[in-house]
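Novice: Residues per chain are reported as follows:
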Amino acid sequence: MTKYLLRRLLHGLISVIIVVAIVMLLIYSLTDREKIFGSDPLFSKKSSNVRTTYKYEQWEKYGYLDYVTYNDYLASLTRSGEITEEERASAVEIAPTAKVTVKNGERFVDIFAPDDSPKASEYIRKFADAYQSKGYTIVRLNADYYSAKTQQLANGGKQVLFAYKDVPLISRMFKYFTRIFWVDNIHYVNSEIDIGERKLSFTLHDPAYTGPDGKVKFSPAITGNGTLHKYLVYCDNRFPFIHQNLLNIRMGTSYSVNKDVDVFKTMTVSQGAQVKAFTYYPTGFSEISADDLHSATYQENSRELNPIAIERYTDDYTNTDLRLSSKSKIGFSFVIGIISTVISYFLGVPLGILIAKKKDTVIDNLGTIYVIFIIAVPSLAYIFMFQAIGRSIGLPSTLDVNNESWKMYVLPIVSLSLPSIAGLMKWLRRYMIDQMNSDYVRFARSGGLSEGEIFTKHILKNAAIPIIHGIPGSVLGSLVGGIITERVYLVPGTGNLLTNAINANDNGVIVGLTLFYSLLSIVSLILGDILMGAVDPRISFTSKAR
Amino acid sequence: MNGNTTETEKLQDLSSLGIPEEELFSRVESDKLAAEKITAPRYSYWHSVFRVFFRKKINIVILGLLAVIVVFAYIYPMFSNYDRFSSVLTEGGKHLTPEKAMELHPDDAKIHWILGSGGVGESTFDAIWTGSRISLSLAFICAIINMAIGVVLGAVWGFSKRFDLIMQEVYNIIGNVPYILLISVIVMLLSASFWSLVFALTVTGWLGIAYFIRTQVVIIRDREYNLASRCLGTSIFRIAMKNILPFMVSVIVTLAATEIPSYISYEVFLSYIGLTMSDISLGKLIGTAQPSMFTPGMQLEFWAPVAIASIITIVLYVVGQNLGDASDPRTHM
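Protein chains in written order, with the numbering used here: chain A, 148 to 693; chain B, 171 to 503.
One chain only, chain A, in its complex shape (with noise of 0.2 Å):
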């Protein structure tokens, strides 16, 4: 039994590293690269060279390509060494203009310019040397002048050169699935930065929960000086009350749904309005603050940039979260999710025992009716009538993160219910009908059993199998959400959020999605076959067995 589920789990996440590699593969690969800028706000403000070299930037930071640009070169020899500051000085500046050609309607513009200066020409010649033959690609682009007669350079419009090269899809692939799992460690920091004593410590008195009255509580907590997160362990009032910061689950980084933010903390972060409490910094400064101690991150000269953070804090660890009202978008996701599903089976089983013990009368013919509606008409057209009706009766149409109540979940909790309880009533029935004519239950009435025994003993037994099967499907289906229903009802869920990057060409977001859609979907399925092997005893997943 437990071979096989390993050997199942095993072959289920071989074909999750597949379905990352064909949506990487289309994603990556087949899509215009430009589409990712679409929505960035930044993009749009900058201009001429530097928005080509801001391009590439954000292409390597999110895994489409390595880029170095020749001063990036340059700096890398003095630090190593091998050239001085003064060299670097004298190399650095290229000349503005280099030959262009223009082959097939494309502007090529040549590497080396007469007028670059006897040294200048010497290390281009080195940086094209040293990065072509390793397969880059050397660009440079001329300076960009409003008006060629004052030399006026346009607005980010100074010559560049640099070099790329594109990612192939396996060390992507590799990158990626070896990131997912991460563990905080003291070496996180830039080991050239100084920040003291890089160690993990333990305190059975966390600072960060220090009461209004400046008393420490007693609650354990593990700090670390060195890491990403300054609190790898600590303890709150909030479930599940320990909490954990040293294992950190990576997805892919959101490039525009929510910028720099992995998929995963997108999904379980809390939303909403901010819950304001006495915060008590490490500086002794205390305030109303939404801060999120706890939260901390490092950040690198923070406290030299920002005034407002030398107050607060006594080290670089100042980038924190906000205390936030509302559910997380997996928790909505899943609240929405979980009563939806006990809903259906509440009502889903019951209606269709009754249209199948009532067959061929109107009872039956109504619940087909009902079916057919369901199956036939596109999902989103009963979503709006479903919202149409809510609407028309009072209830909220759409769902509200700053001001709940429990109304606003009836509707999308209604519009998820209802498709699913017309499913399980169809299967439901033709399971039962199939078992009513199948020859044992006639051998049962003929052995002198009552019509409920038959009914209750044998064919409901019989039919709820595959129906049982597909409970955990449906359990961890919540999760995921309704698509269509988060989005129409404004749910703040993760359905949403995958219409939300696909419509923003968020790829980080696409590709995280899709690995956690699937992980799921296996897991699920094992779990059904689990779950179908513990009611049924004729199943069985051992080899002999079978």
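Incorrect hints may appear among the rest.
Footprint (simulated), chain A over chain B, 3 or more residues, beta carbon under 8 Å [to be verified]:
id : segment
1  : 351–359
2  : 436–448
3  : 477–489
Rather than coming from a laboratory, the hints here were simulated on the basis of the structure. The structure presented is a predicted model; accordingly, all values stated were derived computationally and were not measured. For each residue, glycine too, the CB sits at the ideal point set by N, CA and C.
Dock chain B against the given chain A, drawing on the hints supplied.
Specialist: Just chain B now, kept in the frame of chain A:
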């Protein structure tokens, strides 16, 4: 003794009726050819399918509705010459109720404006049917491609054990990706157009159908009559065509009945999340008219395409289901 006499009396009575004797009884020579003839009424499969189909009166009504839909979707647009921006410059022509739209366009046939006008002053009624044509064509083309690939591959999948091993893996892998995610990503990549939508819906859409057919084939494949047929030396191809395919017709038709409306639903969904085609389609109409959903006086713009989409899908589904039922030979008794 007594009975015999009465019978002869009866015979005598009959002869007194004036009927010639050869009409009463005549001696028939034994005919070997005639003995081979089957006297049961001739059974034609498709004839029986339609006989059973039309036995239900509701089917005639639904089929009539389908005919109306097809006429409006495919023939009406030829006459309406729908141009989305034809009335864009007409002052005060946008978001009109039917009465006002008819007042504004007194020269046009009333039928154009019975659903009012939309966001750029276009006729909602014409837009819906032009959109229906695209949506229906999309659904039919996708269904034909998916069903063709799915049925053929599914049959092979069911028969060949080696192919089964490979396909099982492929199915496990692709089946793990939510279909909606996959089609959204593909449409996003290809930038939505009619044929890229067809591609997105068919690139993995056949897999589910093939798996379904495979399961059915596996169930029927090892039945005794097929075993017997194989023992008698019937080729696999003949078994597939003559022994198994007739069983599959009703399954395939029923499957098509759920598939065709689902493509319309997917198109509506994709348009709604912003992956719209450049052509006008039912999904695009619903998506663009969504803001006017609750605006008084403009609701028709939104609810009319929703209603038409629902009617089309229900009609297609019911026709398909009932045709599927009728094509099951067990209902032909």
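Novice: Run every hint past the structure and note whether it holds.
Specialist: To see whether the hints hold, each was checked on the structure:
no. : hint    : in the structure
1   : 351–359 : holds (count 6)
2   : 436–448 : holds (count 6)
3   : 477–489 : holds (count 7)
Figure legend: structure checked against the earlier numbered hints; every hint is met.
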